[in-house]
Amino acid sequence: MKRLVLAGVMSTLCLAFGEVINGAGASFPYPLYSRWAHAYYKETGIRINYQSIGSGGGVRQIRNRTVDFGASDAPLKPSEAKKYNLAQFPTVIGGVVLSYNLPVKDLKLSTSAVCGIFLGKIKRWNHPEIKKANPDKDLPDTRITVIRRSDGSGTTWIFTNYLSKACPEWKEKVGYGKAVNWPTGIGAKGNEGVANYIRRVKGAIGYVEFAYAIENDLKVASVENREGNFVKPSVETFKAAASGAKWDPSKDFYEILTWQPGKNAYPIAGATFILLAKDYPKERNRKVIRFFDWAFRKGDKMALDLHYVPLPEEVKEKIRAYWRANGWY
Amino acid sequence: MERKRIVERLSVVFLGSFALFVGMVFPLLTLGVLLIEAIPAFEKFGLIGFLFGRTWDPVREVFGALPALFGTLLVTFLASAIALPVSVGIAVFIAEICPRRLKPLFSTAVELLGAIPSIIYGMWGLFVIAPLMAEYVEPFLQNTFGRIPLFGRLFEGVPTGVDALTSSFVLSIMIIPFMSAVVKDAFEMTPPLLKEAGYSLGATKWEVIRHVVIPYALPGIMGGLILSLGRALGETMAVAFLTGNVHRIPTSLLEPLTTITVAIANEFTEAVSDVYLSSLYYLALILFVLSFGLLLVAKFLILERLGRRWRAATL
Amino acid sequence: MEGGDALRRNISKRKAVNFIMLSLSTLTALYGLIWLFWILADVIVNGLRFVSPDLFLNDPAPPGVEGGGLRHAFVGHFIITALATLIGVPIGIGAGLFFAEYGRHSKLAGYLRSVTDVIVSFPSIVVGTLVYAILVKPVGHFMGIAGSVALALLMIPVIAITTDEILRLVPNSLREAGYALGAYRWQVVKDITLPAAKRGILTGVILGIARIAGETAPLLFTSFNSNFLTFNPFEAMASLTVTIFQYAMGPYKEWHGQAWAAAFILTAGTLLFFITAKAIVHGMRRYG
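Chains as they are written, first to last, in the numbering used here: chain A, 177 to 505; chain B, 3 to 317; chain C, 4 to 291.
Simulated from the structure, these hints should not be mistaken for lab results.
Where a beta carbon is used, it is the ideal one built from N, C-alpha and C, also for glycine.
Quick list of simulated restraints, FRET-style, between CB atoms:
1. B:E63 / A:G503: 31 to 37 Å
2. A:K259 / B:M26: 39 to 45 Å
3. B:R56 / C:I137: 29 to 35 Å
Let the hints inform the model, and build the full structure from the sequences given.
As structure tokens, then:
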């Protein structure tokens, strides 16, 4: 009863002070969501207040019902979604890239090099395993400083998922998740923090969402994929990774895009998802849906500008049907 | 007459409840909430298991406080060790050496240092000090002290500037104002009569300081030291950028680490599972007990002897 | 004379030691001052570079887009601090009044005061976790006013103690004059003690505000953060300190510039408060 009164007072005050929709979660799509929110505000006057606190935070906040929507790159399994009474749908596809601070351009990293570096076994840049793939480059004797996430991160989830598939030793020793027990490295908060440290520390290497590397002029490595080819991260290679995805609404669109077959497929791609509370009043979720529907219709160009891959039109329609089934569209 | 008596009663009750709130309800409420929130973690890991647990693994949901606790203690003690001689030196300077007219100037200057918000220290530490440490200071230390056997182990590692050494150093600058103010006031409590007795016997200024003032002020200095420790223990923002956020006990000063406060600040809103959040509350509880304990020791054992005058000036 | 030589040597040795130790201590004082000037210089130089009218008039733009500002953070910080002051100052002064005037001879009051004195140096982040548990979680979302509550909780002990100490400095003869005229205690407090202590209490309040205005940790999980301007304290609200935290941690150059500018304004504001308080105290010493 008290909650109802409180909610009533709060919503009246909210109406008096202007409409705000609060979301929190993954830093992976933050550059894109903030552009979308900015444009949406210009067009409708509605404010989407998205806080980049990591996918772990997004899941926690929506589970606690302290935000209007959560965002996570690590999709919830259907059983988890049911347990927390959440609905889930993807918004864009992006890629996690390996960014480094060295005076070397176009570094190529083989699977075993990546495994060795992140397991803490390869400690210097001029290690033979790295040299093997970069015979013509001048690799210095600098120590490698691994930068990884200190917070609960969907980007970490995607990256460690890839590592678990590509390196049996990683799967055994560490596993994958939003936060893991890292064998090595300095922890930073958010994609922002990792990008920040990569810029500052010479010889650093870290994993960030592609948009962060681009926006901050960070060097990006080509990574060996499942077929043995070295692929550069780009909209095309991300698309190639997503080409086999099923996007099943009955499974709440649960989809993992790492280590996919395809000669041009980038091995560390992933989608990012929005989480909604099913027990919220319908109108509350409708407001959120309206924003993302707008983004689906008008936000593709902004996404491509930032090197995110918009979802194919059929998938968008599947999502709209999912919304309809929940009574929000 | 009646009305005045009612107002008198009311004012006692009203103001008394404020006092009760501050002095009893607030600390007890904090303790209670921390305890309740920490119960799930306590049930899973126990007391000894958590305090001495070395693994902080959110995937397997195993949480141990030892790395964060060690980090807190290491950074605090190291920062205080660096700050203590400096603070005593500053206190000696202001209390004994400084010409009377310049005293307020120097005094205020040091206090200004303490008025700067802690986030500014953190930011400045990250933008200015960390790169300097990484480029010049740490490689220098590695090439000189690092070569000494055994002791040199303290300087192993990659000089990233984001490590125990930088964190402690920036924190030490932050606690200098508070520490030196307390020590200075302890010095100024020394009765001039005692000092003049020393001078009249032909002692030099330093000899009076060393043999008269410092022994007299020792309880105050000890109290001030412990008080500063208690404060530094709870510091978050000055070190949040500089620790490296790694839940591991560092084996060298150049390695990243974490402290209880930094762990809570970085992981609180992202703790995915209930046990995770509860473990963070458990950490907060440990910090509460530690700092409360230290501050109580400082206050009751030592500072009761000292006057209260200094507290108004040193916020 | 041998005795004379030995004496002279002894004196010169002691004088040398004296000179060395006093020089060392002077050097440490300079060491402390160097840091002060270095930090302030960095904040001023870098901050001024990025301070512009845009900063105050605009709300943030997405990273990569020009022209963003920190209006939301300035307004939010002001609102949160103002609310905290409104909550904290009356309770703090009230508690201080009780300690000094009503509880002077009560053992219970003595204990309460001692505990309050200890809480002054409490870790601020723990207060943040407390307010999250009792205010944010039950209500269901982050709120600016939760941040104000956290800051108020930090402020109250500080103000209580300074009020108590200032009141104790008021000479008892003043109070006794009042009692001799048949006044009740509350009248003595209201009409005699408080006016006499007015300036000192004001100083304490200003110092308290300066201190909480610079806090970050208690706001991290209470008022949280926002990218938009809002006047509604029941919503998540931006603040200067949390914004500096967010921007300094990020990789974008524009963010770093804005962080320096915000740091400059914040430091200037805090130091201004601080110097004002000192001026009032100085005025007090000269005239009363």
